[in-house]
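Engineer: If you read the protein sequences in the order shown, they are chains A and B. Residue numbers for the first sequence follow the numbering used here, beginning at 1 and rising by one. Residue numbers for the second sequence follow the numbering used here, beginning at 100 and rising by one.
These are computed hints drawn from the structure, not numbers from a lab. Check the hints yourself; a few may be wrong.
Heads up, simulated DSSO-like pairs for lysine-lysine below, C-alpha to C-alpha not over 27 Å straight-line [stated by the list, open to error]: (1) K108(B) - K67(A); (2) K131(B) - K67(A); (3) K126(B) - K46(A); (4) K87(A) - K131(B); (5) K6(A) - K25(A); (6) K67(A) - K180(B); (7) K46(A) - K164(B).
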Amino acid sequence: MSALTKADIAEMLYEELGLNKREAKEIVESFFEEIRTALENNEQVKLSGFGNFDLRDKSTRPGRNPKTGEEIPITARRVVTFKPGQKLKARVESYAGAK
Amino acid sequence: MTKSELIEKIAAQQEQLSPRDVELAVKMILEKMTQALVHNQRIEVRGFGSFCLHFRAPRVGRNPKTGDTVELSGKYVPYFKPGKDLRERVNESVND
Chain A
1 MSALTKADIA EMLYEELGLN KREAKEIVES FFEEIRTALE NNEQVKLSGF
51 GNFDLRDKST RPGRNPKTGE EIPITARRVV TFKPGQKLKA RVESYAGAK
Chain B
100 MTKSELIEKI AAQQEQLSPR DVELAVKMIL EKMTQALVHN QRIEVRGFGS
150 FCLHFRAPRV GRNPKTGDTV ELSGKYVPYF KPGKDLRERV NESVND
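When you get a sec, could you build the whole thing from the sequences and use the hints?
Structural biologist: The following block contains the structure:
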């Protein structure tokens, strides 16, 4: 099964909501862009029923170049983590194809 | 930012659409993404990131109250890997 993409999501809005193709594409684009902008401004994003995008500040830690073994510090950075909501977790937990 | 704030921001850019339509669109986008994960289909959004399921192996857990052991079956959990553009934009804001 190929991955779900922005084009697939826009197509769904066109077919099921009756938006025109340009509107559908723009809404999908803004949806992801507004989430990125909020995170870039250090603002958590909470989408109830789906999950939260949180930010974590990581301090500098020692690292290594795996090829040469040389020690290089990993600089302090801010990263995004996704915490799925209860509803999403419950819905995927029992995925029918579970081995 | 909450879902309703996200809806307001998108609606402000789509003046020809009613806020109600934008609200519906956002809910349908999230439902489409949920459905993909429920069927173990990956989601790939360039510059944003990808979502997929990770398997958690069965394990023996404990009831923290009683200390009794409980068998926990394996399960799938949603996982998000931020894309390059998102990673860079968020990290650049550290120095602000």
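Engineer: Indicate, hint by hint, whether the structure satisfies it.
Structural biologist: Evaluated hints:
1. K108(B) - K67(A): With Cα atoms ~46 Å apart, K108(B) and K67(A) exceed 27 Å; violated.
2. K131(B) - K67(A): Violated - the C-alpha atoms of K67(A) and K131(B) are around 42 Å apart, more than 27 Å.
3. K126(B) - K46(A): holds, 13 Å
4. K87(A) - K131(B): holds, 14 Å
5. K6(A) - K25(A): holds, 8 Å
6. K67(A) - K180(B): Holds, because 24 Å separates the two Cα atoms, which is no more than 27 Å.
7. K46(A) - K164(B): Violated, because 31 Å separates the two Cα atoms, which is more than 27 Å.
The structure does not agree with the numbered hints 1, 2 and 7 stated previously, though it agrees with the rest.
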